[in-house]
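Q: Numbering (this note's numbering), first residue to last: 100 to 237.
The hints are simulated quantities; they were obtained by calculation from the structure and are not laboratory data.
Any given hint could turn out to be false.
Claimed, not checked - Pairwise CB distance ranges (calculated):
(1) 105 to 163: 38 to 44 Å
(2) 109 to 166: 32 to 38 Å
(3) 112 to 146: 34 to 40 Å
(4) 104 to 144: 48 to 54 Å
Note that the Cβ used here is the ideal one computed from N, Cα and C, for glycine as well.
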Amino acid sequence: MPLSFEGAIRYRMRPADVLAVQWTGDNAAQLRAFAGDRFDTIDPEDRTEDPAATAQLRESTHNTWRPVTPGMWIVKSTAGFAVWQDELFNNWYEPVGVGAQKCRCGHSGLVHTVPTPHSCFTPDGCPCEAFASADPAE
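Let the sequences and hints guide you as you build the complete structure.
A: So, in structure tokens, the structure goes:
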């Protein structure tokens, strides 16, 4: 389906760099240093609405607390802080600059959740199908 409509002007999103840290469930100190008092962990007895949510972030756009599950990204942009799902984040962003790592399966970041939470940068490597079929020379 072509992207057109009489009288409409086509636009493209401008590229934007962001800072991001992925919540692993074990890096609360790192996220508190990154997001300050906007980030906090949730005690197990307080996880009534979403038992999988082990933390929360007060997002900048609406100034409301958003549940965070392991594998989600805490993103800081010019608009402030937001929570992104791993798959969506990896579709929109890729590592930039010195020290940026990208797994040969195509996932960015040190930890991601497809098919289960894992790190690509361990001796065992990435367990996803894309990793197994990727060229190790890349």
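Q: Check the structure against each numbered hint from earlier and tell me which ones fail, lowest number first.
A: none
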